[in-house]
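Visitor: The chain contents come next:
Protein chains: 2
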Amino acid sequence: MATYKRYRKEDSVSYSLGLTLTFELLKYKAEYVRKIYVHSAMKPGDTLDKLTVLCKDAGIDMVYTDKIFHVLSGKENCYVIGEFSKFAGNLCIEESHVVLVNPSNAGNMGTIMRSALGFGIRQIAIVRPAVDAFDPKTVRASMGAVFSIDFKYFDSFSDYMKQFEEGRELYPFMLDAKKRIYNICPQGVFSLIFGNEATGLPEQFADIGTSVVIPHSNKIDSLNLPIAASIAMYEATKGRV
Amino acid sequence: MATYKRYRKEDSVSYSLGLTLTFELLKYKAEYVRKIYVHSAMKPGDTLDKLTVLCKDAGIDMVYTDKIFHVLSGKENCYVIGEFSKFAGNLCIEESHVVLVNPSNAGNMGTIMRSALGFGIRQIAIVRPAVDAFDPKTVRASMGAVFSIDFKYFDSFSDYMKQFEEGRELYPFMLDAKKRIYNICPQGVFSLIFGNEATGLPEQFADIGTSVVIPHSNKIDSLNLPIAASIAMYEATKGRV
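Chains A and B, in that order, give the protein sequences.
So the first sequence is numbered by my numbering: it starts at 223 and just counts up by one.
So the second sequence is numbered by my numbering: it starts at 223 and just counts up by one.
Wrong hints could be hidden among the right ones.
You can't tell identical chains apart in this list, so a pair holds if it fits in one copy or across any two.
Simulated pairs of lysine-lysine, BS3-like, Cα-Cα distance not exceeding 30 Å [stated by the list, open to error]:
1) K249 / K441
2) K401 / K460
3) K278 / K441
4) K251 / K401
5) K251 / K441
6) K374 / K257
7) K265 / K251
8) K308 / K231
9) K374 / K441
10) K460 / K400
11) K441 / K272
12) K374 / K460
13) K265 / K441
14) K227 / K249
15) K441 / K460
Bear in mind the hints are in silico, worked out from the structure with no lab data behind them.
Let the sequences and hints guide you as you build the complete structure.
Guide: What follows is the structure in structure tokens.
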């Protein structure tokens with residue numbers, strides 16, 4: 223009899239919790255889906271029929287059980303779970319990137335993925351140590367964006383630079399920066415670089431490319447990371463989306 | 223012997239969980255503080271001394287107990303809790319506002335408060351039904367902004383309009399809108415109006431003031447609410463902060 227465990231970073235699979243998210247998974251990453259779990263409270267009808275057809279066409283097993291929901295989904299209304307193998311992504315030199323240096327919060331990373339997809343920045347570099355992009359919390363906060371953007375982990379920022387520095391405009395976001403955000407206007411391929419939620423970017427990033435600040439009053443210490451990253455993406459892509 | 227209960231919306235008091243937040247509470251709303259709780263794991267030293275002096279000066283009792291932390295603070299490192307009476311705020315006609323119509327998520331509301339304070343918009347109107355601005359999750363996500371902005375609840379949007387419509391530029395944010403955000407430039411006092419996380423603003427808001435959209439790709443359904451609200455505040459206050 224199957225037993226289910228909590229998700230761990232080391233696992234080779236992760237989960238989409240909820241119906242909408244699972245449809246996104248099936249739409250963009252069907253080849254990685256291993257199973258679809260359906261809760262007994264899921265009502266028969268068009269939605270379940272649609273899910274059943276999608277699974278049948280893709281040769282994916284549907285498992286009717288409530289057990290995995292107790293383990294994975296907490297209190298929320300969640301009647302469908304998708305189990306998928308973790309997949310690898312690649313970045314390319316022709317695309318603009320968001321670079322997250324040592325992000326520590328799964329929800330924040332997911333929210334940034336969602337905004338990135340919204341503003342047409344489809345590639346994200348993540349510099350370790352960093353939170354897990356496959357954490358079900360990241361997946362959920364991304365509203366499925368994790369299945370259609372590309373992301374890749376790097377062991378250090380210099381590893382990223384070795385591959386991608388050339389021919390690219392670099393904008394590290396820091397409080398003590400050269401330029402205010404509304405005075406920059408990327409002309410070509412760019413990278414928007416953000417530090418950890420609590421500590422920001424180390425000061426040596428001030429020597430990389432053009433450092434940028436989003437001005438705010440001295441009544442707050444900083445903007446929340448996904449807010450700052452989204453404002454940056456909004457400005458950098460203005461009029462292009 | 224004192225017993226402690228989980229926070230409920232009906233309570234007359236709420237809590238700041240954590241040291242930084244409690245210092246913000248003492249800085250901006252000292253007159254509402256009822257007690258400061260200190261956990262046994264809180265180390266003696268300058269910080270505790272500073273807290274002790276502040277409490278002594280303001281005539282606030284410090285209670286050394288671990289019990290309330292078990293009930294209120296979950297797993298995180300939290301060694302100080304402030305208990306405060308809920309306070310009332312007022313809005314005024316000379317100030318620009320953020321108007322949240324039926325917001326449902328405590329963390330989102332707190333994040334919006336933090337951004338608002340950062341962009342110099344110090345007053346928030348909240349239209350019921352709505353999440354509780356005093357929920358400890360709101361307080362925490364606001365990073366203390368809840369103690370220095372003004373906010374007020376209204377039973378309906380028309381109640382808000384009766385008091386504040388006159389002489390004010392109104393900008394409801396909706397996907398199906400008249401103007402793109404970078405084509406608006408408020409000249410005077412304004413209100414930025416946002417709907418519920420899942421449903422947005424009802425369509426009749428299209429007839430109020432100038433409806434505005436933040437353009438994004440069709441790959442996402444919408445931006446996350448605090449992201450959209452923060453981009454709007456950023457644009458509306460650009461160069462003023």
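Visitor: Does each hint fit the structure? Answer for all of them.
Guide: Verification of the supplied hints:
1. In the homo-oligomer, the alpha carbons of K249 and K441 lie at most 30 Å apart only across protomers (12 Å), although the nearest pairing inside one protomer, at 44 Å, exceeds that limit.
2. When the C-alpha separation of K401 and K460 is checked against a cutoff of 30 Å, the pair qualifies both within a copy, at 18 Å, and between copies, at 14 Å.
3. In this homomeric assembly, K278 and K441 come within 30 Å of each other (Cα to Cα) only across copies, at 25 Å, whereas the closest approach inside a single copy is 56 Å.
4. In this assembly of identical chains, the alpha carbons of K251 and K401 never lie at most 30 Å apart, being 40 Å within a copy and 35 Å across copies at closest.
5. Taking the closest pair of Cα atoms, K251 and K441 come within 30 Å of each other only across two copies (15 Å); inside a single copy the shortest separation is 44 Å, beyond that limit.
6. Taking the shortest Cα distances, K374 and K257 sit within 30 Å of each other inside one copy (25 Å), while across copies they are farther apart (48 Å).
7. Taking the shortest alpha-carbon separations for K265 and K251, only the intra-copy value of 25 Å comes in at or below 30 Å, while the best inter-copy value is 50 Å.
8. Within a single copy, K308 and K231 get their C-alpha atoms as close as 11 Å, which meets the 30 Å cut-off; across copies the closest is 41 Å, which misses it.
9. In this assembly of identical chains, the alpha carbons of K374 and K441 lie at most 30 Å apart only when taken from different copies (20 Å versus 36 Å within one copy).
10. Proximity of K460 to K400 under the C-alpha cut-off of 30 Å is found in both arrangements, the shortest distances being 21 Å within a copy and 18 Å between copies.
11. Proximity of K441 and K272 under a CA criterion of 30 Å is satisfied inter-copy only: 21 Å between copies versus 51 Å inside one chain copy.
12. Taking CA atoms no more than 30 Å apart as the test, K374 paired with K460 passes inside one copy only; the shortest distance there is 25 Å, against 34 Å between copies.
13. When the C-alpha separation of K265 and K441 is checked against a cutoff of 30 Å, the pair qualifies only between copies, where the shortest distance is 28 Å, while the shortest distance within a copy is 50 Å.
14. Taking the shortest alpha-carbon separations for K227 and K249, only the intra-copy value of 26 Å comes in at or below 30 Å, while the best inter-copy value is 45 Å.
15. For a Cα distance limit of 30 Å, the shortest separation of K441 from K460 qualifies both inside one copy, at 28 Å, and across copies, at 17 Å.
The earlier numbered hint that this structure contradicts is number 4, and it is the only one.
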